[in-house]
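Each step along the sequence shown adds one to the number in full-length UniProt numbering, with nothing skipped, and position 177 is 177.
Simulated restraints, written as ranges between beta carbons of each label pair:
no. : residue 1 : residue 2 : range
1   : Leu120    : His88     : 43 to 49 Å
2   : Ser129    : Pro163    : 26 to 32 Å
3   : Ser103    : Arg65     : 29 to 35 Å
4   : Pro163    : Ser63     : 50 to 56 Å
5   : Arg89     : Ala119    : 42 to 48 Å
6   : Glu243    : Asn131    : 37 to 43 Å
7   : Leu246    : Pro5      : 43 to 49 Å
8   : Ser180    : Glu121    : 14 to 20 Å
9   : Ser63     : Pro244    : 36 to 42 Å
10  : Pro38     : Phe106    : 54 to 60 Å
11  : Gly64     : His278    : 20 to 26 Å
No lab work stands behind these hints: they were computed from the structure. Predicted model only: the values in this text are computed from it and were never measured. Think of the CB as a built atom: it goes at the ideal place given N, C-alpha and C, for glycine as much as any other residue.
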Amino acid sequence: MDALPQAVLLTRAGVVTRVNAAASRLWGVPQERAQGRPVLEVVRRHTLETLLERGGELELEVSGRTLRCQATRDGESGALIVEDVTDHRRREAELREATAVLSHEFRTPVAALRGVLEALEYDMPRDLSQNFVRQGLQETERLARLVEDLAVGFRPTRARTLPLTEAFARAERLLGAELSARRASLRFGQDFLVRADPDKLLQVLLNLIENALKYGPPGQPTIEVLTAERGTWVEVSVLDRGEPILDAESLFGAHTRGPGAAGQGSGMGLYIVRSIVHGWGGQTWAERRADANAFCFTLPGVGGL
Numbered sequence: 001m002d003a004l005p006q007a008v009l010l011t012r013a014g015v016v017t018r019v020n021a022a023a024s025r026l027w028g029v030p031q032e033r034a035q036g037r038p039v040l041e042v043v044r045r046h047t048l049e050t051l052l053e054r055g056g057e058l059e060l061e062v063s064g065r066t067l068r069c070q071a072t073r074d075g076e077s078g079a080l081i082v083e084d085v086t087d088h089r090r091r092e093a094e095l096r097e098a099t100a101v102l103s104h105e106f107r108t109p110v111a112a113l114r115g116v117l118e119a120l121e122y123d124m125p126r127d128l129s130q131n132f133v134r135q136g137l138q139e140t141e142r143l144a145r146l147v148e149d150l151a152v153g154f155r156p157t158r159a160r161t162l163p164l165t166e167a168f169a170r171a172e173r174l175l176g177a178e179l180s181a182r183r184a185s186l187r188f189g190q191d192f193l194v195r196a197d198p199d200k201l202l203q204v205l206l207n208l209i210e211n212a213l214k215y216g217p218p219g220q221p222t223i224e225v226l227t228a229e230r231g232t233w234v235e236v237s238v239l240d241r242g243e244p245i246l247d248a249e250s251l252f253g254a255h256t257r258g259p260g261a262a263g264q265g266s267g268m269g270l271y272i273v274r275s276i277v278h279g280w281g282g283q284t285w286a287e288r289r290a291d292a293n294a295f296c297f298t299l300p301g302v303g304g305l
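Generate coordinates for the entire structure from the input sequences, incorporating the hints supplied.
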């Protein structure tokens, strides 16, 4: 019994007959002192005393740890087994988080592929249809890379040097339908050479620009994407003219949406933005600039163009 990692406590007629080494460490009672004492004096929790009387299973949160407690009875004899499942529960939470992140990241290329396939249903000039096919292949490749990310995590692993205009052009093309529907346009700042994973950078831009389209005021004609050099880093800021956000920092948390957010949403967009940017060593923040909300991030620069 002393070799078991679980805490084990044996009782008879409400009195402790034995505890193993793990139980002695858990409740801070030497094995010799626990023997012969009432159960409550050892476990110091009415919940566990009641569990021993009735039998069954429950989980307790104790000092930041999660304990799974199981009790069995046979006549006057009883046994209580307590297992620390904190790490197991943390891994479950990480898996749920990873699932939510993946779901959010897959949404954009899937939507783009759907749009391409719907467009190809109609007759159109050959050069136009070939353009749609190229877009579809690009998004298929992006989906394939996301699938590979299942094995290697979410930190950028395919960084290369590229001009910001390359990422801006991809984002503008993928958001073309939504921009047209809202009668809006994008205005980009100065070009810089940066070092980043192109797909991850695109994901950051799409999330921030989509948020500006959704949560900015109706009829805002232009979404500004400003750039600036900050030493060896390049700062990118996406501006919208919406109402001031009182606690913008909280929006970068997982499953968090602003108080005015309407419709369905996972609340994962800005969390993903922060996770990706921190992956390449950058920073993310939000601030109020004059009459606009600015959502900003930094990425490694390569000396400008």
